[in-house]
Amino acid sequence: MTGEDEHAATDGGTDHPADSPIAEHARPAGGDAPETGLAGPTPEERPHPSGRRDEHGVRKEPDDGGEPTRRATVSALVEDEPGVLARAAGLFRRRQFNIESLTVGPTTVEGHSRITLVVEETEAGIDQAKKQLAKLTPVIAVGELSDDAVAAELVLLKVRGEEPDKVHAITSMYDGETLDAGPRTITVQITGDENLIDDAIDAFDQFGIIEIARTGQTALERGDSPTTPGEEPGHSAGSTDDDEFTNYDD
Amino acid sequence: MSEPATPDAASPEEGDDEGRTDRAEQPEQTDEEAAAAREDAATRAPGSGANAVVAALEAAGVETAFGVQGGAIMPVYDALSESSVHHITMAHEQGAVHAADAYGIVRGDPGVCLATSGPGATNLVTGIADASMDSDAMLALTGQVPSDMVGSDAFQETDTVGVTAPITKHNYFASDSDEVGRTVGEAFALANTGRPGPTLVDLPKDVSFGETDRPVGEPTAPERAVPDDEADEEQVEAAARAIETAERPLCLFGGGVIKGDATEQARAFAREFGIPVVTTMPGIGSFPEDDDLCLSWAGMHGTGYANMAITHTDCLIAVGTRFDDRLTGGVDTFAPEAEVVHVDIDPAEISKNVHADYPVVGDAGTVLDQLDAAIGYGDAPDTEAWREQCAEWREEYPMDYAIDPDEPVKPQFVVEAFDAATGDDAYVTTGVGQHQMWAAQYWTYREPRTFVSSHGLGTMGYGLPAAVGARVAADDDREVISFEGDGSFLMTIQELSVAVRENLDITVVVLNNEYIGMVRQWQDAFFEGNHMASQYDWMPEFDTLAEAFGAKGFRIDEYDDVEAVVEEALAYDGPSVVDAHIDPEENVYPMVASGAANGQFALAEDQL
Numbered sequence: 001m002t003g004e005d006e007h008a009a010t011d012g013g014t015d016h017p018a019d020s021p022i023a024e025h026a027r028p029a030g031g032d033a034p035e036t037g038l039a040g041p042t043p044e045e046r047p048h049p050s051g052r053r054d055e056h057g058v059r060k061e062p063d064d065g066g067e068p069t070r071r072a073t074v075s076a077l078v079e080d081e082p083g084v085l086a087r088a089a090g091l092f093r094r095r096q097f098n099i100e101s102l103t104v105g106p107t108t109v110e111g112h113s114r115i116t117l118v119v120e121e122t123e124a125g126i127d128q129a130k131k132q133l134a135k136l137t138p139v140i141a142v143g144e145l146s147d148d149a150v151a152a153e154l155v156l157l158k159v160r161g162e163e164p165d166k167v168h169a170i171t172s173m174y175d176g177e178t179l180d181a182g183p184r185t186i187t188v189q190i191t192g193d194e195n196l197i198d199d200a201i202d203a204f205d206q207f208g209i210i211e212i213a214r215t216g217q218t219a220l221e222r223g224d225s226p227t228t229p230g231e232e233p234g235h236s237a238g239s240t241d242d243d244e245f246t247n248y249d250d
Numbered sequence: 001m002s003e004p005a006t007p008d009a010a011s012p013e014e015g016d017d018e019g020r021t022d023r024a025e026q027p028e029q030t031d032e033e034a035a036a037a038r039e040d041a042a043t044r045a046p047g048s049g050a051n052a053v054v055a056a057l058e059a060a061g062v063e064t065a066f067g068v069q070g071g072a073i074m075p076v077y078d079a080l081s082e083s084s085v086h087h088i089t090m091a092h093e094q095g096a097v098h099a100a101d102a103y104g105i106v107r108g109d110p111g112v113c114l115a116t117s118g119p120g121a122t123n124l125v126t127g128i129a130d131a132s133m134d135s136d137a138m139l140a141l142t143g144q145v146p147s148d149m150v151g152s153d154a155f156q157e158t159d160t161v162g163v164t165a166p167i168t169k170h171n172y173f174a175s176d177s178d179e180v181g182r183t184v185g186e187a188f189a190l191a192n193t194g195r196p197g198p199t200l201v202d203l204p205k206d207v208s209f210g211e212t213d214r215p216v217g218e219p220t221a222p223e224r225a226v227p228d229d230e231a232d233e234e235q236v237e238a239a240a241r242a243i244e245t246a247e248r249p250l251c252l253f254g255g256g257v258i259k260g261d262a263t264e265q266a267r268a269f270a271r272e273f274g275i276p277v278v279t280t281m282p283g284i285g286s287f288p289e290d291d292d293l294c295l296s297w298a299g300m301h302g303t304g305y306a307n308m309a310i311t312h313t314d315c316l317i318a319v320g321t322r323f324d325d326r327l328t329g330g331v332d333t334f335a336p337e338a339e340v341v342h343v344d345i346d347p348a349e350i351s352k353n354v355h356a357d358y359p360v361v362g363d364a365g366t367v368l369d370q371l372d373a374a375i376g377y378g379d380a381p382d383t384e385a386w387r388e389q390c391a392e393w394r395e396e397y398p399m400d401y402a403i404d405p406d407e408p409v410k411p412q413f414v415v416e417a418f419d420a421a422t423g424d425d426a427y428v429t430t431g432v433g434q435h436q437m438w439a440a441q442y443w444t445y446r447e448p449r450t451f452v453s454s455h456g457l458g459t460m461g462y463g464l465p466a467a468v469g470a471r472v473a474a475d476d477d478r479e480v481i482s483f484e485g486d487g488s489f490l491m492t493i494q495e496l497s498v499a500v501r502e503n504l505d506i507t508v509v510v511l512n513n514e515y516i517g518m519v520r521q522w523q524d525a526f527f528e529g530n531h532m533a534s535q536y537d538w539m540p541e542f543d544t545l546a547e548a549f550g551a552k553g554f555r556i557d558e559y560d561d562v563e564a565v566v567e568e569a570l571a572y573d574g575p576s577v578v579d580a581h582i583d584p585e586e587n588v589y590p591m592v593a594s595g596a597a598n599g600q601f602a603l604a605e606d607q608l
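Residue numbers (full-length UniProt numbering), protein chains in the order written: chain W, 1 to 250; chain D, 1 to 608.
Since the hints were made in silico from the structure, they are not lab data. Given the structure is predicted, the values throughout are model-derived calculations rather than measurements. Glycine residues also receive a C-beta, built at the ideal position from the N, C-alpha and C atoms. A portion of the hints provided could be inaccurate.
What the hints assert, rightly or not - Computed footprint of chain W on chain D; a stretch qualifies when at least three of its residues, placed anywhere within it, have a C-beta under 8 Å from a C-beta of chain W:
no.	segment
1	152 to 165
2	415 to 423
Said to hold, decoys possible - Chain W side only, calculated, beta carbon under 7 Å to chain D, not exhaustive:
no.	residue
3	25
4	36
5	38
6	42
7	48
8	51
9	57
10	58
11	87
12	89
13	90
14	94
15	131
16	132
17	135
18	137
Stated by the list, open to error - Far from chain W by the CB rule (all over 10 Å, computed), these chain D residues:
no.	residue
19	82
20	84
21	119
22	241
23	245
24	381
25	479
26	501
27	570
28	581
Please model the complete structure; the sequences and the hints are all you need to start from.
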């Protein structure tokens, strides 16, 4: 491309005309050009900016530390069709998002389900998780719940039945319910937010917990705020007009 | 050579007509007639599920499909025999999916491929993943065992929807003969809506056989999947202010510029404001590489000047790119001085790999027009000094190579020889490896959709089936050249039988170094030259093999062969294979080592 004069002049001993494509690239053996490779200043000889980006490609000062993670509850309104949960779960697995819990259930609108996810990610990771989820074709809308959203999960605990009175007392303390009481085991149900459930499990531990089954967190926005953007609070079955829903895209 | 074993062979002229003039004539038969045919397909009572599938293809205007027959897809093929859709039988399903992919790239409409259940469907997987990575619009139709046998591990049963869910934009399991036509139409439309991608419809045999009189209607994507082309005005204004105040702005045009048919807007934008341009590999052709503003493509094997420009720009205007690691090198050192304006139709790409200081979500062409309007004439950045700097880099890091006429032929020379002998609008397809990089570096691309390659997935063997698809899609007067490596070519060489049968005028150039060359290059650089499983002790003679297939074979051993072989191979009307024995030790440079800074590109092995 450059230095064509040189090439023409150094077409050593061959019968190619000076303007032929071969002569254009011909160099004498043992010349400056490497056997294979290109000419030009070496990496050390080049100017390099000192700027850096972090792992998310955000420009940063060199001594910035890593970004903290936080826990986010994400709600996705989805078409209730086979495989939608598998698609969501597969997406999170493939992109290595850290899911703490995942629950799914029907909504007031026939044909729609709600998937509630709790993820522990950096700010950028949470943003990606929401956007990737919104891209799935059966996903209608995605929202992240605010800090004052109402959230609950449920646990079933099967404990030893030697001290039924004490088990009953603890169950009442957590506003729980006894579902089964036998001579050897008692099974109770506790609902509440995550901390309350953790506390309850600690409290029942004294009796000896035999089995435990715990759901993930499910959540709704408080008051008039929609849980996913465009979702109309208070709407009941019959509203299936997709126009009312928009994808989360900011 | 032996004549191709087709009736057309005796008269290549006629053969050519037979093979491709049908499509050339169609514009005359059209547009009204074509529209009427689509309307008829959309509104008639199909009769069966399989007929509905075919009617949906016709209603979508599909002219050509690529596939391989098999048990569960037989009803669809039976229906296809009565259709206006031209079907090309490929040798292997992977050939079908790559051909459909390339056809779609060249045409700008989804390519269509068909396969049966089980191995037919799994053989499509590589090509579907390839299309997914490169955002290529494509529709795959797969047969499935009858519904009542699904889940029983029946003969040739595979969970195709499960297997392909992560590599499709969306996929469908057809469960109702009345719905299947609409589903196929929706899948076709969805593939080409917003950010393109592959879709798949799995067709159980009973659904194909089932009766239905419900018309398929026009192909329509789900409304939710249709994004706004226009970007938010605030985002545009903010980006415009950033561009106005930049001293060293740089356009980075990705594959999205081509897929979004935004090359005109991209060219106008860069030229109006005098902003230098680099492209990504999929963005090759979005901007003419012989334009003074264009620094060619950046990334691992991009030009030194493109990588220098990325390293020193203070405002990177990235359009339709996903900041793949082969482009960015180490993200921590990517465009370290730059504020990033990122234009993309897919909001999930914004700040996925590189943080966007100015996100602009919208259609590439629409947004470029919006940006153009938002930048005041007096406010355009003064880029003269920056352009001079870029020109200096171009001088400092020339893409050149040294020839010793007595040594084996340099691959770059072969690429340049074919480029010089073909029109500016010729199509180039490639496999994956060193030959792909040389074909990208030493061919000067000027038009969109002319570089047809496997980018994100890096699928060896892509080149030949892609050439078949590109040839069928392209106008007759444009040439199709496929560069392959010896290792890459062997992976899908069976598709040569299709090129011969269909008498497709393609020229396959095998840059033969008897190595998996890119692996050998890495072994030399990073594994102390241990050539484990990268060196072939024996390779077939590709020119002779081509003749056995019924194609025309040529061989290049030395520089003096090149001119005549290029001329004869291009002149041959039908498939030809040039077995070019190149310098086996030649390497691809520049090279940015994995995770290194773009500005640290090596010009030779001792710099890695």
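Against the structure, the hints:
1. Restraint check on the segment 152 to 165 of chain D versus chain W: 3 residues with Cβ-Cβ distances below 8 Å, three needed, restraint holds.
2. Only residues whose beta carbon comes within less than 8 Å of a beta carbon in chain W count, and the segment 415 to 423 of chain D has 3; three or more means the coverage holds.
3. The criterion of a C-beta within 7 Å of any C-beta in chain D is met by residue 25 of chain W, whose closest approach is roughly 4 Å, and the hint holds.
4. Using the Cβ-Cβ criterion of 7 Å, the hint placing residue 36 of chain W at the interface with chain D is satisfied: the shortest such distance is roughly 5 Å.
5. Restraint check, residue 38 of chain W versus chain D: the minimum CB separation of about 4 Å is within 7 Å; hint holds.
6. For residue 42 of chain W, the suggested interface contact is upheld, since its CB lies about 6 Å from the closest CB of chain D, less than 7 Å.
7. Hint status for residue 48 of chain W relative to chain D: holds, with the closest Cβ pair at about 6 Å, below 7 Å.
8. About 3 Å separates the beta-carbon of residue 51 of chain W from the nearest beta-carbon of chain D, less than 7 Å, and the hint is met.
9. Of the supplied interface hints, the one on residue 57 of chain W holds, with its beta-carbon coming within about 3 Å of a beta-carbon of chain D, less than 7 Å.
10. Look at residue 58 of chain W: its Cβ gets to within about 4 Å of chain D, closer than 7 Å, so that hint holds up.
11. Hint on residue 87 of chain W holds. Least Cβ distance to chain D is approximately 6 Å, under the 7 Å limit.
12. A distance limit of 7 Å between C-beta atoms decides the matter here; for residue 89 of chain W the minimum to chain D is near 11 Å, and the interface restraint is violated.
13. Interface restraint check: residue 90 of chain W against chain D, minimum CB-CB distance 6 Å, threshold 7 Å, status holds.
14. The closest approach between the C-beta of residue 94 of chain W and any C-beta of chain D is roughly 5 Å, which is under the 7 Å cut-off, so the hint is satisfied.
15. About 4 Å separates the beta-carbon of residue 131 of chain W from the nearest beta-carbon of chain D, less than 7 Å, and the hint is met.
16. Look at residue 132 of chain W: its Cβ gets to within about 5 Å of chain D, closer than 7 Å, so that hint holds up.
17. The restraint placing residue 135 of chain W at the interface with chain D holds, with a minimum CB-CB distance near 6 Å, inside the 7 Å limit.
18. Among the interface hints, the one on residue 137 of chain W holds; its C-beta lies about 4 Å from the nearest C-beta in chain D, closer than the 7 Å criterion.
19. No beta-carbon of chain W is positioned within 10 Å of the beta-carbon of residue 82 of chain D; the least distance is around 31 Å.
20. Here residue 84 of chain D stays apart from chain W, with its beta-carbon at least about 29 Å from theirs, past the 10 Å limit.
21. Here residue 119 of chain D stays apart from chain W, with its beta-carbon at least about 23 Å from theirs, past the 10 Å limit.
22. Listed as outside the interface, residue 241 of chain D is consistent with that label: its C-beta sits roughly 18 Å from the nearest C-beta of chain W, beyond the 10 Å cut-off.
23. The beta carbon of residue 245 of chain D sits about 16 Å from the closest Cβ of chain W, which is more than 10 Å, so the claim that it is off the interface holds.
24. The claim that residue 381 of chain D is not at the interface with chain W holds, since no C-beta of that chain comes within 10 Å of its own (minimum 19 Å).
25. The Cβ of residue 479 of chain D sits about 19 Å from the closest Cβ of chain W, beyond the 10 Å cut-off, so the non-interface label holds.
26. Look at residue 501 of chain D: its CB is around 36 Å from the nearest CB on chain W, clear of 10 Å, so calling it non-interface holds up.
27. Separation of residue 570 of chain D from chain W is adequate, the least Cβ-Cβ distance of about 16 Å exceeding the 10 Å criterion.
28. Against chain W, the non-interface label of residue 581 of chain D holds: every CB pair exceeds 10 Å, the least being about 16 Å.
The structure fails hint 12 only (numbered hints given earlier).
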